[in-house]
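Enquirer: Given next are the chains, with one letter for each unit.
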Amino acid sequence: MAGAGKPYSDPYLAGIGLGLVLLSAYVWVGRGLGASGAFSSVVVAASTGSASPLGDWLVLELVGVAAGGYLSARLAGRTRAAIERGPRVSRRGRIMAAACGGVLMGLGAKFARGCTSGQALSGGALLSAGSWIFIAACFATGYAFAPLARRLWR
Amino acid sequence: MTAPLTETGALGSTGELVAAPLIGMAFGWCLERPGLGYAPKLAGQFYLSDLTVYKVMFSALLTAMLGAFWLDRMGLLNLSLVSMPETYVLPQALGGVLFGAGFLVAGLCPGTSCVAAASGRLDGFCVIGGMLGGVALFHAVFPWVQRFYESTALGSVTFAEMLNVSRGMGIALVTLVALGGFAIAGRIEKARS
Chain A
251 MAGAGKPYSD
261 PYLAGIGLGL
271 VLLSAYVWVG
281 RGLGASGAFS
291 SVVVAASTGS
301 ASPLGDWLVL
311 ELVGVAAGGY
321 LSARLAGRTR
331 AAIERGPRVS
341 RRGRIMAAAC
351 GGVLMGLGAK
361 FARGCTSGQA
371 LSGGALLSAG
381 SWIFIAACFA
391 TGYAFAPLAR
401 RLWR
Chain B
12 MTAPLTETGA
22 LGSTGELVAA
32 PLIGMAFGWC
42 LERPGLGYAP
52 KLAGQFYLSD
62 LTVYKVMFSA
72 LLTAMLGAFW
82 LDRMGLLNLS
92 LVSMPETYVL
102 PQALGGVLFG
112 AGFLVAGLCP
122 GTSCVAAASG
132 RLDGFCVIGG
142 MLGGVALFHA
152 VFPWVQRFYE
162 STALGSVTFA
172 EMLNVSRGMG
182 IALVTLVALG
192 GFAIAGRIEK
202 ARS
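Chains A and B are the protein sequences, given in the same order. Following my numbering, the numbering of the first sequence begins with 251 at its first residue and continues without gaps. Following my numbering, the numbering of the second sequence begins with 12 at its first residue and continues without gaps.
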């Protein structure tokens, strides 16, 4: 249910806020935002048994993302234990799709060297050629396969 | 004083580690506020019924792109010290294809899955679990894909350099296309929902 909790913020205002956060990351630490890189660090740390991944910049940042997301949801009355899904898919089907989609994104982010945060947004704003190749391939594929995934969402 | 602060020595490595969770928190906040922790909303992007993903992503991209460009022009930020992802044409194209298919099926991307999970959504946790599995799978098959993974390397290059136009021209192009998208986004949503 989308209806519970306070209404969402204006997407353009939130986007400008997000852009200022990204800009402050460039100014403060000379790098962009990221997400998939943190998953990579966790997997590497777990498989090599090396030091805790908590010393990793992206892992610390992603812990912050979870905290900031929780705080925002909490203050808007949107925290709730639930499985969000389309109207025609079972809970079990949604869980399977979420996990499979995660596997594909994990693989894709490794090949692309980043995800929607680190590659599309942070690299795209710096005009990186590879970032724009990633953005084009990502959304073209999403639209191409959307009719096949209708049962999940429509 | 010029930025990036940690690159120009104005801030040490402690400043860098303190920045991480603070920047992350603001990032997570900006994703949750417009509803990007709610998977059906993100999936609406692919059915053109809800373009919140496009609106948030491209207004953020424009803000950061124009801000970085002008701060650099005014001598406040040295853009050459900001790390830019390197380009690997074919691996990034394949990565985009796999990622796009995964995004469609999962309804969340890596960052937003953390926001979904943090607000209690089980589907967010499942996407996170799947991603850890996908990354582990990549490491397991890495010896077989390494040659492809490192192929078509162009280094740190902008699309403006590849098209042989100025940086300002590249920025103008992105700005015009994004603004054009904003102008018709509302009409598309109305027609498709």
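Simulated from the structure, these hints should not be mistaken for laboratory data. Do not rely on the hints blindly, as some may be mistaken.
[Said to hold, decoys possible] Just a few of them, taken from the derived set where beta-carbon distance is under 10 Å, the chain A residues facing chain B:
hint, residue
1, L272
2, W307
3, V315
4, A331
5, A396
Note that the structure is a prediction, hence the values are computed from the model and not measured. Backbone N, C-alpha and C fix where the C-beta goes; we use that ideal spot for every residue, glycine too.
Enquirer: Run through the hints listed earlier and report the numbers of any the structure violates, in increasing order.
Expert: No hint contradicted; all consistent.
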